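Chemist: Next come the chains, spelled out residue by residue.
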Amino acid sequence: MSLSGWLKNLSLLDFPDEGGSPEIYRLLRRRIIVLMILITVIPLFSMAMINSHQYRKTLSQEIVNPLLVLVNKSKHSMELFLAERLSVVSFIGSEHSFEELADEGNLNRIFRVMKQEFGGFVDLGLIDENGVQVSYVGPYDLKGRNYSEQPWFHEVRSRGTFISDVFMGFRRFPHIAMAVQRKIEGGKSWTLRATIDTHTIDELIASMRLDATSDGFLVTRDGTLQTATRNYGGVLDHFPVGLPPFSGEPNSTETTDSLGREILMAYAYFQNSPFILVVVKPRGELFRSWYTLKSEIFYVFIAGVLIIVLVVFKLTGYLIHRLQESDERREAVFREIEHSHKLSSIGRLAAGVAHEINNPMAVINEKAGLMKDLIELESDFKDRNRFLALTDAIINSVERCRSITHRLLGFARRMEPHIEDLDINEVIRETVGFVEKEALYRNLDLRLQLGDNLPEIASDRGQLQQVFLNLLSNAFAAVEDRGTITICTCDCGDVLSVSVEDNGCGMSEETLNRFYEPFFSTKKKGHGTGLGMFITYGIIKRLGGRIEAKSKEGQGTTITVHLPKTLRSQQTG
Amino acid sequence: MEQIRVLLVDDEEEFTSALAERLNMRGIPTLTSSGGEEALKMIEACHPHVVLLDMMMPGLGGKEIQARIRLNHPDISVIFLTGHGATEFGPECNDYLIKPVNIGELIRKIQSISKKD
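Protein sequence lines, in the order shown, are assigned to chains F and L. The numbering used here numbers the first residue of the first sequence as 1 and each following residue consecutively. The numbering used here numbers the first residue of the second sequence as 1 and each following residue consecutively.
A few of these clues could be false.
[Stated by the list, open to error] With the C-beta cut set under 8 angstroms, the calculated list includes, among others, these residues of chain L facing chain F:
1. E12
2. F15
3. A18
4. L19
5. E21
6. R22
7. M56
8. G61
9. G83
10. D95
11. L97
12. I98
13. K99
14. P100
15. I107
Derived by calculation from the structure, the hints in this document are not laboratory data. Model, not experiment: these values are computed from the prediction. Glycine included, each C-beta is placed from N, C-alpha and C at the ideal position.
All chains, full assembly: derive it from the sequences and hints.
Modeler: Structural data, given as structure tokens:
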């Protein structure tokens, strides 16, 4: 799943688009904080991980490579030591005949030269065709011993040379035996066998200068230790840790030893003998600098995360606070605009009412005035003064009404929303009443197609009148004289719908797209505030309804308002 | 000096009849008309000095009649009588009064406009 999909699933990108309740700001704040922390901590974490991995790789190579070189070098020295000793034995076998070597004086002389020139030799013996040692020089009494049943004797007869594993001699001292076979005429053969001690191998291991926590030793491929170790036992003990896998080249592996330590094992397999040179180093010691760096990276990461969280919390809190303030200011401005627009509607309403009242008042005024004139003309009119007083009273009352209607024209007051159960058809009729006269004067065909038996709904009468008056006002502005405006109401399932349709100039697609934008108007300058539909949209949304507009340029417009079919008792209950 | 002739145009006949009689009683001959078409015919026939016009009437409205008068008889003065408060009467309107009107004020306006003309 992509990151955006994941974030969407967590609803982190689903920002509430309307201000208002503190809960929305809390939700917004929470989501922004989580999102900002994620988008800052994830790259930081990735970078820390990549750096740490890269550094560990480099460091590991820097530590392991020299160790492998050391192991390889030491292995070569040991191989050379063994090969050199074997070559000496082989050379003596080639240079001297069986008879010369069978002479113990000769053998003794040769043995002394060998010890003197090469060192490491413990004894030297000549073994005949039948496996019997016919001549021997060394610290033991082994002359006449029969080796025909020994496995090494069969191996040297089949392969020509032999190097043994380490074994404990009669003096309980580790030795390595080596032998070469020589053929003589008649298909017969004899064997020259020498024993060497392991001091030189121990010295080679010591020359690796391993620290006190490390270990270096020789082990056979079946796991028998060939040299003493610090932690894993003595010569000929079984190496308690699994052997590393075979590798032609020096190699390393990481494992846990019998002491429970994490160790790095560097090793090299001998080519012509069954030995493996192993160097064991505890990982803790080896990677001490790495662990230090890892801790430092961890602390830097934690510090970075803490700073990010702190900054994100502070910054988001500040921004949300500013946003909330800005929203509240905007709401206040919109309320003010709406209020102004409401006042403007009330002004129009008042003007309509004043006109309707002023006309009959004018009739009363003129009739009373005429009566007064007639009475004044008749000097002998019975109760002349009384009638004059009466007509004056009528004229004065008319004057009072006149001042009231004039005041009404400038009358406007803030109306609070008032939700009540109302008959939508009644609201339509009341609203149409305000504009009937204008329709009459402009010869407009104002058609009411109101649905029968519509249920009452809980809504605000004043605000609905404002909405319908605005829709009618727009329709009046859109149609020519003698145009047609149709108002329909119907019960459409879970909503009541009111549509205002006109056959006026209609709107282009571009105008329709910007229909609800504040301060957008196609009317001439000074004739429209551009707030009518914006406020209408806001009112309908607040009343829980929705509004839709369809229009075709040159053919007309239909605005439909859908209002929820709930009663006041259902809203409050 | 020629006597001022007035034509009163309003769709409210109760109003026109009473006001016309009162003006007549005060020496201002006043004819009445209840609609725009009829008013235009009467203007052609008797050529009044002043036309008192209601703003909103079925058919031809006050503004439309005023425009025709301006076109055909620029010498005739027009005073609007309206129930509305602030209404745009246009630059060619001589004056206006809001209903209900005070008869003295109306006569003063008629006389002052006639003198100007």
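Chemist: All hints are to be evaluated individually against the structure, with a verdict given for each.
Modeler: Do the hints match the structure? See the list:
{"no.": "1", "hint": "E12", "in the structure": "holds, 6 angstroms"}
{"no.": "2", "hint": "F15", "in the structure": "holds, 5 angstroms"}
{"no.": "3", "hint": "A18", "in the structure": "holds, 4 angstroms"}
{"no.": "4", "hint": "L19", "in the structure": "holds, 5 angstroms"}
{"no.": "5", "hint": "E21", "in the structure": "holds, 6 angstroms"}
{"no.": "6", "hint": "R22", "in the structure": "holds, 5 angstroms"}
{"no.": "7", "hint": "M56", "in the structure": "holds, 5 angstroms"}
{"no.": "8", "hint": "G61", "in the structure": "holds, 6 angstroms"}
{"no.": "9", "hint": "G83", "in the structure": "holds, 3 angstroms"}
{"no.": "10", "hint": "D95", "in the structure": "violated, 17 angstroms"}
{"no.": "11", "hint": "L97", "in the structure": "violated, 10 angstroms"}
{"no.": "12", "hint": "I98", "in the structure": "holds, 7 angstroms"}
{"no.": "13", "hint": "K99", "in the structure": "holds, 4 angstroms"}
{"no.": "14", "hint": "P100", "in the structure": "holds, 4 angstroms"}
{"no.": "15", "hint": "I107", "in the structure": "violated, 12 angstroms"}
In terms of the numbered hints stated before, the structure departs from hints 10, 11, 15, listed from lowest to highest.
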